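J.: The opening position of the sequence shown corresponds to residue 1 in full-length UniProt numbering, with each subsequent residue numbered one higher.
The hints are simulated quantities; they were obtained by calculation from the structure and are not laboratory data. Just so you know, these numbers come straight off a predicted model, no measurement behind them. Among the hints, erroneous ones may be present.
Computed Cβ-Cβ distance ranges for the label pairs, DEER-style [said to hold, decoys possible]:
#	residue 1	residue 2	range
1	D49	R358	48 to 54 Å
2	L208	A382	37 to 43 Å
3	K254	A382	41 to 47 Å
4	W205	G853	57 to 63 Å
5	D49	A657	54 to 60 Å
6	T659	R45	48 to 54 Å
7	H79	M48	50 to 56 Å
8	G853	R650	48 to 54 Å
9	A472	P395	43 to 49 Å
10	L61	E201	22 to 28 Å
11	E201	P395	39 to 45 Å
12	G270	D49	58 to 64 Å
13	R362	G474	39 to 45 Å
14	E569	G474	48 to 54 Å
The beta-carbon is built from N, C-alpha and C at its ideal position, and this holds for glycine as well.
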Amino acid sequence: MTTGPQPEAFCQADPVFYDIAGRHTADDSHAFAQTHAPAPAGWERREMDVWIVHTPLGHALPQQGWKIHISGLPDNARHVVDTAWDYCTANGLPFKFLRGVDVLTTHSLKYAPRSSSGKLVTIYPSDEEQLHRTLVELGQRLDGTAGPYILTDLRWGAGPLHVRYGGFVTRYCTDDDGTAVPAIERPDGTLVPDRRRPVFEVPEWVELPGFLAEQLAARQAGGSASDFPYKVERALHFSNGGGVYQARDTEGRKVVLKEARPNAGLDGLGLDAVARLDRERRAMEHLAGLPGIPALHEHRVVWEHHFLSVQHLEGDTLQGWLARHYPLTKARPEPAALSAYVRRAQALADRIDALVARVHERGMVFGDLHPANILVTETDDADEVALVDFELCVPVAEADRLGMGHPGFAGTGRTGYGIDRHALAALRLWLLFPLTGLNELDPGRAAAYVDVAERRFALPAGSLDALRHELAPGEAALNRVPAALREPLGVRLDTSLPDWAAARKSLAEAVLLSATPQRADRLFPGDVRQFTTDGLNFAYGAAGVLWALDTAGAGRFPEYEQWLLDAVERDRPQRPGFYDGAHGIAHVLAGFGHLEAAGRLLDGCRTATDAMAEVSLFRGMAGAGLNLLDFAARTGSGDHRDQALRLADRTAAAVTAGTAPGIAAGPGRGSRAGLLHGWSGAALFFLRLYEDTSDAAHLDLAVRALHHDLDLCATGEDGSLQVDGGFRQLPYLEVGTAGIALVADQVLAHRADARLAEALPLLVRAAEPEFTIEPNLFGGRAGLLATLAALRARDPRPEPDLGVERHLTRLHWHALSYHGHLAFPGDQLRRISMDLATGGPGILLALTAALDGRRDFLPFLAPRSGRPTGADHRAP
């Protein structure tokens, strides 16, 4: 499974696709009065994403300096914007404000990005004198107006005004890994990153204005050791509402600290994190003494933040327990293993049920029952359970509308104890078939999953009828399904002989139906990362979608190619990488014959490319180097080839040293081994260089790079070899062993290596299991399917063929209807995705690999010279 930004903030605008609230919705009722108003006389107005920007005509805006942010809440936002508008237009101050209350609400949610939380208005003073005057005068006008503390800033007084030193105009420099990032200028003219971490910090060459000294002293005094008698050991979790930390108190006792920020982390009822923390405190006091309920030590306010100190309980989350024990993620589980798992899972569910019953006996509804809020301690006798996170735990009389709920476990229309009963049923199904998250898009899917669980675990027919009854969607849930998802699929995958030609055509039609050429920010809806990178790139944007459609035989679309060409000229990509930036877009344009446009892109990112430090295929030297070699082959450009060779020299130094940014130093430390983020991408780079130059040194480096990735793997219970990601093992294409297997297989066609030959069958085994949480190419079933399909051409064993068939017959587990056409959910299963990495186009590529035998389901995977020369050195 891929990981990225939390999707919650991108689920508010559209029930079908991830999107940004307020920017592209037809409903303008939440807009401020000034959002669509013409600029005042003598002013210029422009729109910038979700911001409306106003600047006095002829005003020379400094490139950087002290800026003012005004925070706000949904219920006072119109007053804040009105006040700021009046003051700024009267005093000639450039400013910008969010488009509407809905955008501010989205930015204020619990899982919205912390650095932008609550920011409603930004003002750009020309100098420190104007900064001070504005803080004083505008601060008086907004005195008493509530707003969340902006973590990157220093608060002025006790109101909603905050200050921070940073860039006023958009400038970029390259970060340590070569990524283009917002920049500010040092006194010597050097551009350096404009850091926007969630802490207040001042560049070392900038002196804090004297009138801010009192504010800084007040902030620093609030965090003294006497106020905070805990030593934080590590952060367990962050949200916009605050953090969760493992810490020790002054007696050395291990505790969990839960933090709540005032006016931040709003829920669906508008309650902030402090209100929920107070609710959690009262619930824990009421449940004190129950086995499985952690003890509450104290409630403490430090500066503006509230903390609960809670007993630290040993154990792992139920999520972690399932990752270790679920048998369908293991290769070829025996029937006895399935039966043993069912008995253990049912016993575990019974214990959770009994614990929740004890909560009910005290008149409380837990309210937020899901796997991350359940701790499991494994003992020789049994699996003991405990509950954590009581912020939705309320007396039964108050459990009518909680304002939050975990997708797949919060039932529509449930109240009172029924909230927990529904979640308990969902948990029992999740333990057997953990795809309950798809209920948000398709509430009727639970019944089909109950059927699968009964059949796959050889349970008596009807034995799970209680789950069928409890999880059956009511009329309210069915009415919430968007019209775009209601039409029955025109092609079925859950038959013995699916019409794969019709399925592929349907997938492509769904992608094309989703296109939004009228938008400038993205052409196809995809993962939330298209908003944190751009909507053009190969992994999450238009370039990858158009490449996938063409590669899979669905055709080329000149009007959409023109959209991409126009978008590149209008807004040049700021990242140089292949999958997230300019190199991938250039590769697609070059492949479509737009060589001049591709060349301009490569020339425009030359400096950033030369500054790369990562070795990865995704965003580093391997991806850029492979693309430069390809472009040189297309055009005969010696300059681009020379640049590729310089990247190869630096990549070789990293491989020789065995260290590179972004790759863990050892297994179990969040390792990023694999094709796109690990050493295998570098191995692929050197393999293609070997085919290009016949220089055996490149082949040596390819082998060495693959060995580095193997060093980050561990042997699983089923004998497979998988990347050790810490709490789980990873078999996938992006991060995981599938990508290692693809490159190892090709290297062994040129060079005998005992370690690779021994590892390859174990890597293949890791791609065989029938269950994945997600269906996508980078972090799910489609990537495993494509990998096995590519390997079976030269693997005489039956396992790859059987694995391909197994994955094909289980694609329907995730299949959805989009206007009657075949579509699939994206990362975290919250919305449909139409990008290459996480959506339908990637699955279309996997089907191309499986049904057509194409090994080039991603760029550079097919050998440049066709058939390899020399003996095949894979193990028989």
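J.: State for each hint whether it applies.
T.: Now the hints, each set against the structure:
Between D49 and R358 the CB atoms are about 49 Å apart, so this pair conforms to the stated range of 48 to 54 Å. As the Cβ distance of L208 to A382 is approximately 58 Å, the hint placing it in 37 to 43 Å is violated. The given range of 41 to 47 Å is broken by K254 and A382, whose C-beta atoms sit roughly 24 Å from each other. The supplied range of 57 to 63 Å is met by W205 and G853, whose beta-carbon atoms lie about 60 Å from each other.
Judged by the Cβ atoms, the range 54 to 60 Å given for D49 and A657 is violated: they are separated by roughly 41 Å. Between T659 and R45 the beta carbons are some 50 Å apart, a value that agrees with the proposed interval 48 to 54 Å. Between H79 and M48 the CB atoms are about 23 Å apart, so this pair departs from the stated range of 50 to 56 Å. For the pair G853 and R650, the beta carbons lie near 36 Å from each other, so the given range of 48 to 54 Å is not met.
For A472 and P395, the hinted distance range of 43 to 49 Å is not satisfied, since their beta carbons lie about 28 Å from each other. The supplied range of 22 to 28 Å is met by L61 and E201, whose beta-carbon atoms lie about 23 Å from each other. At about 44 Å, the CB distance of E201 to P395 agrees with the hint of 39 to 45 Å. Under the hint 58 to 64 Å, the C-beta atoms of G270 and D49, about 25 Å apart, miss the expected range.
For the pair R362 and G474, the beta carbons lie near 28 Å from each other, so the given range of 39 to 45 Å is not met. Between E569 and G474 the beta carbon distance is about 51 Å. The supplied range of 48 to 54 Å therefore holds.
In summary, the structure is inconsistent with hints 2, 3, 5, 7, 8, 9, 12 and 13 from the numbered list given earlier, while agreeing with the others.
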